[in-house]
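Using the hints, position chain A against chain L.
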Amino acid sequence: MKSKWLILTKVQLLGLLGFNRARHTEDPAARRKARGAAVLLAVAAVVIAFYVVMVAVLFCSQGLGRNLPALCVALVSMITLLFTLLRGSAGLFAMKDYDQVMSLPVTKRDLLLSRLLCSYLANLAFSLGVTLPCLIVFFVMEGFSLAVLAVSLAGAVFAPLAPMAAASVIATLLTALTARFRYKNLLQTAVQMVLFIGLMALSFSLSFSNASGEQADMSALFNVLVCKIYPPALLIGMTLSGQIWAIFVFIGGSAAIAAAFVAVLSLCYVRVHDALCAKAASVAYDAKHVRGGSARAALVRREFKRLTSSPVYLMNGVSGALLLVLAAIALLIFDVKGKLLAAGLSEEMLASFLYGGAGLLFMFLCMSCPSASALSLEGSSRDQLFVLPVSPRTVLLAKTVPTLCIDTAAGLIGACVLCARLGADAAAWIALPLSVPVFAAFTALSGIFLNYKFPKYDWTTEAQAVKQSAPVMIMSFGCMALGFGAAAAGFFFGVWAVVALDALCLALCIAVFAYLRRAKLYV
Amino acid sequence: MEKAILRIEHLTKTYPGGKRAVDDLSLQVCAGDIYGFIGQNGAGKTTTLRATVGVLPFDGGEIFIDGMSVREQPVQCKAVTAYIPDNPDLYDYLTGVQYLNYIGDIFGVEKEVRRQRIEKYADMFRIRGDLGSLIGAYSHGMKQKLAVTGALLHAPKLMILDEPFVGLDPEAAFKLKQVFHEMCEAGSAIFFSTHVLDVAEKLCNKIAIIKGGKLMADGDIEAVRGDESLEAVFMEVLESHEK
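So the sequence lines, in the order shown, correspond to chains L and A. Per my numbering, the first sequence starts with residue 1, numbered consecutively. Per my numbering, the second sequence starts with residue 1, numbered consecutively.
Worth double-checking, as some hints may not be accurate.
Claimed, not checked - Cut-off 16 Å, straight-line C-alpha distance, at most; resulting in silico cross-link-like pairs (EDC-like, lysine to aspartate or glutamate):
id: 1; chain 1: L; residue 1: K520; chain 2: A; residue 2: D59
id: 2; chain 1: A; residue 1: K19; chain 2: L; residue 2: E26
id: 3; chain 1: A; residue 1: K211; chain 2: A; residue 2: E239
id: 4; chain 1: L; residue 1: K288; chain 2: A; residue 2: E110
id: 5; chain 1: A; residue 1: K120; chain 2: L; residue 2: D286
id: 6; chain 1: L; residue 1: K288; chain 2: A; residue 2: E119
id: 7; chain 1: A; residue 1: K19; chain 2: A; residue 2: D59
id: 8; chain 1: L; residue 1: K184; chain 2: A; residue 2: D92
id: 9; chain 1: L; residue 1: K108; chain 2: L; residue 2: D274
id: 10; chain 1: A; residue 1: K177; chain 2: A; residue 2: E201
Source of the hints: derived by calculation from the structure; they are not laboratory data.
Just chain A, same shape as in the assembly:
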């Protein structure tokens, strides 16, 4: 039986004022999964991701990461997770290497391991030449690459990303996909949201489609898609529930 790294059970989140952003959502991401989370704008993707990483409180349901409850053991859950938001607003007043040291210290990454990983990923994403500069001087794409490097520094069991390919150049996007595969082979799991169905179709082994906070479809990509393209399935799912 597959080992569940992330288990979301009947998650419900209502914002103050009554807007229900996520409604009784359940899904499971297992070790080795690259799990795509797709939906329209305002469907509840980011709310789900933020609740999962413990920065947004939720009203109902439960979220488990590596068997630990996000509600009861938030610090332990965060220690095995990496999160990259859609627009990583990093600290402009730190240099790239200071930021990575900061992340390394927080996650307790041993110095030599830290150095090796910084060099590996900085070379991979071609930011080595800028790591001594202030983050304030970075472009959006460079900040994204630095955020990814920071996220990979502690070899997380679960990596959660919100629209990770936005702002990345084609080479960096390709390298990031490679990293996803490497991590999954090592027993980690990736859970990410995207609007780009093409990426989800080629990269993910599992997907979930969310609309209006409710899960419309989920499971192995072949099972969800059948003989059709993911785009056609996505449109069908949305339209069938509108009727």
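Here chain L stands alone, though its shape is the one from the complex:
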């Protein structure tokens, strides 16, 4: 007889990317969408592999190839930690199928194990996606090594375990502690953001503070950097230096932490779930709360309430804009212009950086796009929306407003600070701030267009719609590629590249806006 945790895991995985539905459906459109999702995943993998290969080639050419396995483990662990934190406790608790699953004859440990395993497999796929291209580059440039292969694969397989457990504990504690507050979602999101930013800032500040030691041996310095990002990753480097015991410590430690997490949490799983799903006391009707407004305003207001109702939606929806604002603050604090000039860059080069910045601005704004999952999040209640006497275009445009507002505000801050701190000329002062609303409109409209074409209504946790749906992935990876391309074009072609990007975005906005006139919303 199959283990129950295995059965539970299989059922969750079947629903994960919609391939099972595509396999069994008679609807050709659903099959096409699944094929599209598969292509998209492949493109995402290629984009990640491309960046990894570039970095790996750079390191190998500097003679730092043997440090790559440790770097991979450090980066994978840090990214797993940050993304699990971003996901919050939604991966383990407050799932829609909780009552149904808990009524089955399965132990809490089986349930917890299956849910963790699903997250682990997604993280493992990412870990292998980073490690394998690195290994290939290493073997091509420095020759095959069985030791590097074995250690790297062991590192890739076990790296996500401890960060997942640590982030889940933090997220669960945070959710449980704030469960009884009236504005618990906002509070959870705020604390999660502080943690997220704090971890990133800590990691970067430690990395950069050590990078200034010019006299140090590069390899030793590199180990220090890896250690600062994620200390256990150093065990990988130690193994490759001949201390074989280190890999067993890494494997054993990671597995023990994950096992301890499952064992402890399974003891208090139901209590934690109950605490997370705590309901506030009844609040009575008050006539002063009855007020009137327009249909459009009502739809927009609901979109903002939806955004702030879910920490995972809010965190993913504003993270790009938030990072942009943080980058702007960092620019205000540090004299980047002075440092660049001191490093020998000319004023002309600085101007090129400025126009290249427009591409990065674009990338930050597109990185997180609430409108790409706004329709999917209607889920099983979508017929409540579709029966309303408003046109589909009105409904869809209302869903773009939060993205438009957040991105415009953050983009203007970023553009103005960039112009002010890098000493922009008049053309840049006009081009960059004017580009922001165009980028924001493009992001918002592209997101809703993709979500309209590829909605994911059959989610059991909001994270599936917000993080794992096709529109979100297309926006993230597509805009990352486009942003880097635009940054490079801006660097080489200056203001004309920005104007061309604006024109392209504007043309696409007009096309989507016109297309939405023909949109129809059906269940």
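Then chain A, alone, in the frame of chain L:
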């Protein structure tokens, strides 16, 4: 001549993959009608209701609400209709009163009228004490009552309900039936699906029996039923078509 609020003509709906859920179905619901739509599970009741309210596209036939085509003028049709699905999945992140304000805004219900109706129906269904709470904290029955209150907020000409009495306590079910009668006296029409033949028999003046997507019988309840009980007629209709 009775004024038709809902006219379904030769409605046909085939799902992707070839399953024909509704096959050449025609019926008419007039002002003042309480029209029961009965059939087995999977007979095509919900598909018909969803096509009628414009959330499901259909392949053939036409649906008119208050003389307007659902296909050609969907927004205008929706403006005079209220729909309550079998399991109203309302927005957990809104409070009850926020939800009602949202519905009121969408349907353009004037503030004072809105307040009066909210208070009237919230008292009737005994949810006034919870309207300030988040819907996520409501029980299934309370959500159903809130959905009904929202549906009544704009005084629809046509009210379409899918299994409306499931989850309602006896008092709320009784009040809802009263509301149905009041609405019909005011010239509106009710079209609802149900499995409970007893309810259909006592409440409706017209019924339709659907099986395998086809209309088996319809019309005034007395004419359909004759001297028998509705249950006996229902079983007869199903069995006669199986032979």
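Quick rundown of the hints versus the structure:
With a C-alpha separation of about 15 Å, the suggested pairing of L:K520 with A:D59 holds against the 16 Å cut-off. The suggested pairing of A:K19 with L:E26 holds, with an alpha-carbon distance near 9 Å, which does not exceed 16 Å. For the hint pairing A:K211 with A:E239, the CA-to-CA distance comes to about 11 Å; that is within 16 Å, so the pair holds. Between L:K288 and A:E110 the CA atoms are separated by roughly 15 Å; this keeps the pair inside 16 Å, and the hint holds.
A C-alpha spacing of about 14 Å is found between A:K120 and L:D286, which places the hinted pair at or below 16 Å, so the restraint holds. Restraint check for L:K288 and A:E119: the C-alpha separation of about 12 Å stays at or below 16 Å, so the hint holds. Using a Cα cut-off of 16 Å, the hinted pair A:K19 and A:D59 holds, with the two alpha carbons roughly 12 Å apart. At roughly 14 Å between alpha-carbon atoms, L:K184 and A:D92 fall within 16 Å of each other, so this suggested pair holds.
Note on L:K108 and L:D274: the hinted pairing holds, with a Cα-Cα distance of about 14 Å set against a maximum of 16 Å. For the proposed pair A:K177 and A:E201, the alpha carbon gap of about 13 Å is at most 16 Å, so the pair holds.
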